[in-house]
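Residue numbers (numbering that gives the first Met the number 0), protein chains in the order written: chain G, 0 to 305; chain U, 0 to 224.
Rather than coming from a laboratory, the hints here were simulated on the basis of the structure. In this text, a Cβ means the ideal position worked out from N, Cα and C, and glycines have one as well. Keep in mind that a hint or two might mislead.
To be verified - Listed below are several chain G residues computed to face chain U (Cβ distance under 10 Å; list not exhaustive): (1) 71; (2) 128; (3) 197.
Stated by the list, open to error - Computed cross-link-like contacts, DSBU-like style, restricted to lysine-lysine with a CA-CA straight-line distance of at most 30 Å: (4) U/189 - G/136; (5) G/23 - G/224; (6) G/184 - U/168; (7) G/266 - G/135; (8) G/23 - U/138; (9) G/187 - U/127; (10) U/80 - G/224; (11) G/136 - U/138; (12) G/184 - G/135; (13) U/160 - G/184; (14) U/118 - G/127; (15) G/127 - G/23; (16) U/160 - G/135; (17) U/189 - G/224; (18) G/224 - G/206; (19) G/293 - G/206; (20) G/206 - G/187; (21) U/127 - G/224; (22) U/127 - G/184.
As the list claims (entries may be wrong) - Footprint (simulated), chain U over chain G, 3 or more residues, beta carbon under 8 Å: (23) 41-47; (24) 276-287.
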Amino acid sequence: MGESAWLIVGDFGHICGMVSASRKAVDVIKMAVIGSETLARAAAASGPDYLYWFEPGETIPAEALAGEVADLIMQERPEFLLSLDDSISRIIWAKTVTAIEAAAVGTLFDIACLEDIKQARRLIAEGKSVEIVETKKTLAGIFDGDDTEAAGSVAAINRVSVDESHAAMRFVGGSQTASRKDGIKAAKRVVGVGYGVGTKAELEVIKEFAHCLEAEVGCSLPVAKQLHWFEEERVVGITHNRIAPELYIALGISGQPQHMSGVRDAKVVVGINTDPEAAIFRKSDYGIIGDVSKLLPVLLDQIKNY
Amino acid sequence: MVTSDGTVDWGMSSLTASDDDFRASEIARELGGDIVGLTIGTGDTAWAASRGAAETVLISDAMPFADAAVTAAVLAAAIRKIGDVDMVLVGDSAWEPTVPVLLGAELGWTSLAGILEVKEAESGLTVKRRTSSTEQEIKIAGPAVLGIIAQHAEETPPGLKQVLMARKKPVTKLTIADLGLTANESVVCKGYILPGRTESVMINGETPEEVVRNLFSALHEEGVL
């Protein structure tokens, strides 16, 4: 057997992207999935060579099984140990990193194996540069690259029996199944409102435009926190709502990393801003340099007749 | 500083706290008890002291290592040296997603990330955390390392007077050697390259009407309109 990578999946994320990045660097991909059966099935469809499923049940969080995952992976010395970037996967990954004394390089989007040297590429300095790092130890990192389509093969699911009795953490009031998948999280189209929109008077036009477009309205954090134009539940960004609509139209949004990380899974992003140097024009598919207040009536008029 | 070929020079930049660290300090004050600030390298020793910490420990010769596991090991050693610690609250920043979780693993304590709130409960703590699809309440037993995420920026940072008062609070300076460690870097930087640029396709037109028509036509071609 050649080089191997272990991948940690504790929540939904860029599972296929992590598998395809690993496929370029190693011969064997093994995956530990800690979570529901739905998660395990989605992970199996990403096409790893082996999949081990730890089901935490409804009373304990997935992180309580971190030690059991580490025990399994410790039996090998994989070349790479990668994790999705959500808070559950990271906790479980960290337990294994410490157990196998891996080198933790932070976030990464690409890996390579050059004999006994393991290499990773990662975005640094707010995405302005790519750093290439390498180590002779097991290279551990958090995958933050783009997602891809599934490769086609589906892995068999090997269920690992778990012991819940000693868990140092439990859900309050038993199971937690409430879902927030509604509103802007589930919308196929979202119109984002930023500081550059100008005045509150534009909001009615924006809402009507969104209605005609069959879109939900989201906003940037300052628009909710400082202008109080919207409730915080409508904030788009890494700490509030990560959304994945087919179309995101950003009105007067500058394109700060905090906001743009929340829309990185959108299929098409349109940015409209008066400032030609705005970061939004490096992070959107289509850009219009212009005043939102002048374009809005035209957008509304044409969508009504579309 | 990033040069035209992608090379990064961190020379002039010092370590700063994030909004997530601010929220961590706010939770520490809400919970009460003795608060100790812990920072490394060029971190500001008055930052936590002006937000409720009675004292601060600085590991003066440590800066973030290329191997985050080494950074976490240094912090863990300092926490063990401080002793009698019930809880570590640390900003779980999107830009540094590894040190908080590695710190929990290094200490071998109960560890959770993505935490919004912490409340005292009977025989332990209750935390609220966010996953990709839901918010959950979890009861945990201490000692614990909790990665905290902020919902908003700090609204009223400490004023000049508070910062000056904070500068008078005790600071314990330690070195990596004081902690009985040698920081062996097993990760080396091989260089930098520029990221592939993804500039927007700019939509133009003689009139606003033409611009919007061209946009809608492009979106139609993409299959999203």
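Evaluation of the provided hints:
Because the smallest distance between the Cβ of residue 71 of chain G and any Cβ of chain U comes to about 16 Å, over 10 Å, the interface hint for this residue is violated. At a threshold of 10 Å, the smallest CB-CB gap from residue 128 of chain G to chain U is about 4 Å, leaving the interface hint in force. The beta carbon of residue 197 of chain G is not positioned within 10 Å of any beta carbon in chain U (closest approach about 15 Å), and the interface hint is therefore violated. For the hint linking residue 189 of chain U to residue 136 of chain G, the alpha-carbon distance of about 16 Å falls within 30 Å, and the restraint holds.
Restraint check: the Cα-Cα separation between residue 23 of chain G and residue 224 of chain G comes to about 44 Å, which exceeds 30 Å; the hinted pair is violated. About 46 Å separates the Cα atoms of residue 184 of chain G and residue 168 of chain U, which puts this hinted pair outside 30 Å; it is violated. Between residue 266 of chain G and residue 135 of chain G, the direct Cα distance comes to roughly 38 Å. Violation of the 30 Å bound is thereby established for this hinted pair. Taking the CA atoms of residue 23 of chain G and residue 138 of chain U, the gap is near 41 Å; set against the 30 Å cutoff, the hint is violated.
Our distance criterion of 30 Å between C-alpha atoms is met by residue 187 of chain G and residue 127 of chain U, whose separation comes to about 29 Å. Simply put, residue 80 of chain U and residue 224 of chain G have alpha-carbon atoms about 40 Å apart, too far for the 30 Å limit, and the pair is violated. For a cut-off of 30 Å, the pair hint linking residue 136 of chain G to residue 138 of chain U is broken: about 36 Å separates their Cα positions. Restraint check for residue 184 of chain G and residue 135 of chain G: not satisfied, since their Cα atoms lie roughly 41 Å apart, outside the 30 Å limit.
Between residue 160 of chain U and residue 184 of chain G, the direct Cα distance comes to roughly 44 Å. Violation of the 30 Å bound is thereby established for this hinted pair. Between the alpha carbons of residue 118 of chain U and residue 127 of chain G the distance comes to roughly 39 Å, so the proposed pair goes past 30 Å and is violated. Our distance criterion of 30 Å between C-alpha atoms is met by residue 127 of chain G and residue 23 of chain G, whose separation comes to about 24 Å. Between the alpha carbons of residue 160 of chain U and residue 135 of chain G the distance comes to roughly 50 Å, so the proposed pair goes past 30 Å and is violated.
For the given pair, residue 189 of chain U sits about 42 Å from residue 224 of chain G by alpha-carbon distance, which is inconsistent with the 30 Å threshold. At most 30 Å may separate the alpha-carbon atoms for a hinted pair to count; residue 224 of chain G and residue 206 of chain G meet this at roughly 19 Å. Straight-line distance between C-alpha atoms of residue 293 of chain G and residue 206 of chain G comes to about 16 Å, which keeps the hinted pair within the 30 Å bound. Taken as a hint, the residue 206 of chain G and residue 187 of chain G pair is honoured in the structure, with Cα atoms around 16 Å apart against an allowance of 30 Å.
Note on residue 127 of chain U and residue 224 of chain G: the hinted pairing holds, with a Cα-Cα distance of about 21 Å set against a maximum of 30 Å. A distance of roughly 20 Å separates the Cα atoms of residue 127 of chain U and residue 184 of chain G; the hinted pair therefore holds under the 30 Å criterion. Using a Cβ-Cβ cut-off of 8 Å, 0 residues of the region 41-47 of chain G lie near chain U, which falls short of the minimum of three, so the contact claim is violated. Only residues whose C-beta sits within less than 8 Å of a C-beta in chain U count toward coverage, and the region 276-287 of chain G has 9 of them, enough to reach three; the restraint holds.
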